[in-house]
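Chain A is already provided as a structure; the job is to place chain B on it using the hints.
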Amino acid sequence: MVSHLPVDTPAFFHRGPSPAARLVFFGLVSIALLFLDARYRYLEQVRQVVAVVLHPVQRAAALPGAVLAGVGDYFASKQALAEENEALKQRLAETGVKAQGAATLAQENEQLKSLLETRARLDSGATAVTVLYTGRDAFQQKLVVDKGRDAGVAAGAAVVDADGIVGQVTRTYPYVAEVTLLTDKDHVIPVKLERNGVRAVMAGAGAGRAPELRFMSPTADVRVGDLLVTSGLDGTYPQGLAVARIATVERDTGQMFARITVTPVGGVDRSEQLLVLARSVALPPRPEDPVEAEAAKKPGRGRTARGG
Amino acid sequence: MSFRLPSLAPADSNEVLRPVKPLFVALTLAAALFSNLLPLAGTGLALRPDFLAVTLLYWCIQAPRYVGVGVAWAMGLLMDVGDGTLFGQHALAYTVLAYAAEYFRRRVLRFPLWQQAVQVAALLVFCAGLVLFVRVFGGAPMPRLTYFVPALVGALLWPAFSVLLQLPQRPVRSSATL
Chain A
272 MVSHLPVDTP
282 AFFHRGPSPA
292 ARLVFFGLVS
302 IALLFLDARY
312 RYLEQVRQVV
322 AVVLHPVQRA
332 AALPGAVLAG
342 VGDYFASKQA
352 LAEENEALKQ
362 RLAETGVKAQ
372 GAATLAQENE
382 QLKSLLETRA
392 RLDSGATAVT
402 VLYTGRDAFQ
412 QKLVVDKGRD
422 AGVAAGAAVV
432 DADGIVGQVT
442 RTYPYVAEVT
452 LLTDKDHVIP
462 VKLERNGVRA
472 VMAGAGAGRA
482 PELRFMSPTA
492 DVRVGDLLVT
502 SGLDGTYPQG
512 LAVARIATVE
522 RDTGQMFARI
532 TVTPVGGVDR
542 SEQLLVLARS
552 VALPPRPEDP
562 VEAEAAKKPG
572 RGRTARGG
Chain B
151 MSFRLPSLAP
161 ADSNEVLRPV
171 KPLFVALTLA
181 AALFSNLLPL
191 AGTGLALRPD
201 FLAVTLLYWC
211 IQAPRYVGVG
221 VAWAMGLLMD
231 VGDGTLFGQH
241 ALAYTVLAYA
251 AEYFRRRVLR
261 FPLWQQAVQV
271 AALLVFCAGL
281 VLFVRVFGGA
291 PMPRLTYFVP
301 ALVGALLWPA
311 FSVLLQLPQR
321 PVRSSATL
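Protein chains in written order, with our numbering: chain A, 272 to 579; chain B, 151 to 328.
Careful, some of the hints might be misleading.
A few chain A positions that, by computed beta-carbon distances, are all more than 12 Å from chain B [stated by the list, open to error]:
| id | residue |
| --- | --- |
| 1 | 344 |
| 2 | 358 |
| 3 | 369 |
| 4 | 378 |
| 5 | 467 |
| 6 | 485 |
| 7 | 512 |
Computed, partial: chain B to chain A, Cβ under 8 Å [as the list claims (entries may be wrong)]:
| id | residue |
| --- | --- |
| 8 | 198 |
| 9 | 218 |
| 10 | 232 |
| 11 | 233 |
| 12 | 290 |
| 13 | 291 |
| 14 | 297 |
Please keep in mind that the hints were generated in silico from the structure rather than gathered at the bench.
All residues carry an ideal CB built from backbone N, CA and C; glycine is no exception.
Just chain A, with the same shape it has in the complex (with noise of 0.2 Å):
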């Protein structure tokens, strides 16, 4: 017969609780947490506090990128750093164009404004980042840029690249910020079609998937190939960027909406270099909300809308 090894050794130094008891014990608070975060929003303190902690860990992740970069610009090409310039230099020349055009017209844009009597626009800064790390976690689509409040980057404010948007800044620390991007799934953003001004609403679907126009009617004059633009309802994007492009439509009468999904256009999984947009409209203050009052009073219902 085999003897079996003793399972449980005498306790013969003392190690504090059991791991079972630690276990009970973490889990329980983690699950709390858990309950906290996702409900309530309670904890963004404790996560600035953590933030400062993990800083330093963050900086240093971003460097081997850095030197490889640096080494790969090092022994790049003549030909290639050739080719790339004239590419430049061409998109330079067709954007030129397109801004000569945009300043006579933002002139007259503004005189019309200011006949109309519309809220003036603000002069719209804006803060070039780069990408430090794209977050792991599979349940959300988000990216981790190098400037935080310190370089006056502002939660809620539009991120784009040359190409069109790619998120919205939807958390700050004081030297990082996170940016939720377009094919999160609770990133929203009001759009129009630019061939004929019909408005929309693009709603991210989470990772690997397309994100979709919402509440379309099957009817709606949506072809695949249209441009969507901002139609800057919200306030937190400036109004006519390229947001995606229609990719498929389904119609089907028999449904009440049709089923579109679209392409962004802006490089939401490959760009480095980033610009993050102030405000451009000066917003009235918040209002009272009626709904968020009646929520304090019953618990459970005070979970806030990301995005959009």
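Using the frame of chain A, we list chain B on its own:
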């Protein structure tokens, strides 16, 4: 067998290892956290294992005096902030992982490395499943099956992790004994 490089083969079960230095444990955990925050894209992002989870698992098995449920929980909180996930998501997963490691540690060590890797795969997939359950319960969309790929990659890396993290504990053989 070469005596010049005995250290790159896994330690024999009868080899007496030197005690683990707490500083080394802390350094490896910091390095794992660092690796988790590396900017990756495309295939790298899809395959990227959770270095921190594998390292924590290793130390929970090898050095339960220094790394246990509490340390795992704290590292989980750091990861939650780094990834911008819900507070407690990684913390819960690492807590369960650390407990499972403490529960199975005497058993796991009796197996050769590749069989350990199979058991590690089961543990990592279980923790990924736990996170999946919590998030989907909280209203997140169901991710695709590739969600479990990082856990499997982590398990594949287990033998490499074991050998590397064991290096400083291998006894130094002086030339006289050769």
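Hints versus structure:
Chain B leaves residue 344 of chain A outside its interface by the beta-carbon criterion, the shortest separation being 17 Å against a cut-off of 12 Å. In this structure residue 358 of chain A is separated from chain B by more than 12 Å, as the shortest Cβ-Cβ distance comes to about 22 Å. At roughly 30 Å from the closest C-beta of chain B, the C-beta of residue 369 of chain A stays outside 12 Å, upholding its exclusion from the interface. Look at residue 378 of chain A: its CB is around 41 Å from the nearest CB on chain B, clear of 12 Å, so calling it non-interface holds up.
Under the 12 Å C-beta cut-off, the non-interface status given to residue 467 of chain A relative to chain B holds; the minimum distance is some 31 Å. Residue-level check passed: residue 485 of chain A sits 15 Å from the nearest beta carbon of chain B, beyond 12 Å. Under the 12 Å C-beta cut-off, the non-interface status given to residue 512 of chain A relative to chain B holds; the minimum distance is some 23 Å. A hinted interface residue such as residue 198 of chain B counts as satisfied when its beta carbon comes closer than 8 Å to some beta carbon of chain A; here the least separation is about 7 Å, so the hint holds.
Contact between residue 218 of chain B and chain A, as hinted, is supported at the beta carbon level, the nearest pair being about 7 Å apart and thus within 8 Å. Satisfaction of the interface hint for residue 232 of chain B is found here, the shortest Cβ-Cβ separation to chain A being roughly 5 Å, below the 8 Å cut-off. Satisfaction of the interface hint for residue 233 of chain B is found here, the shortest Cβ-Cβ separation to chain A being roughly 5 Å, below the 8 Å cut-off. A distance limit of 8 Å between C-beta atoms decides the matter here; for residue 290 of chain B the minimum to chain A is near 4 Å, and the interface restraint holds.
Hint on residue 291 of chain B holds. Least Cβ distance to chain A is approximately 4 Å, under the 8 Å limit. Proximity of residue 297 of chain B to chain A holds as hinted, the smallest CB-CB distance being about 5 Å (cut-off 8 Å).
The earlier numbered hints are all upheld by this structure, with none contradicted.
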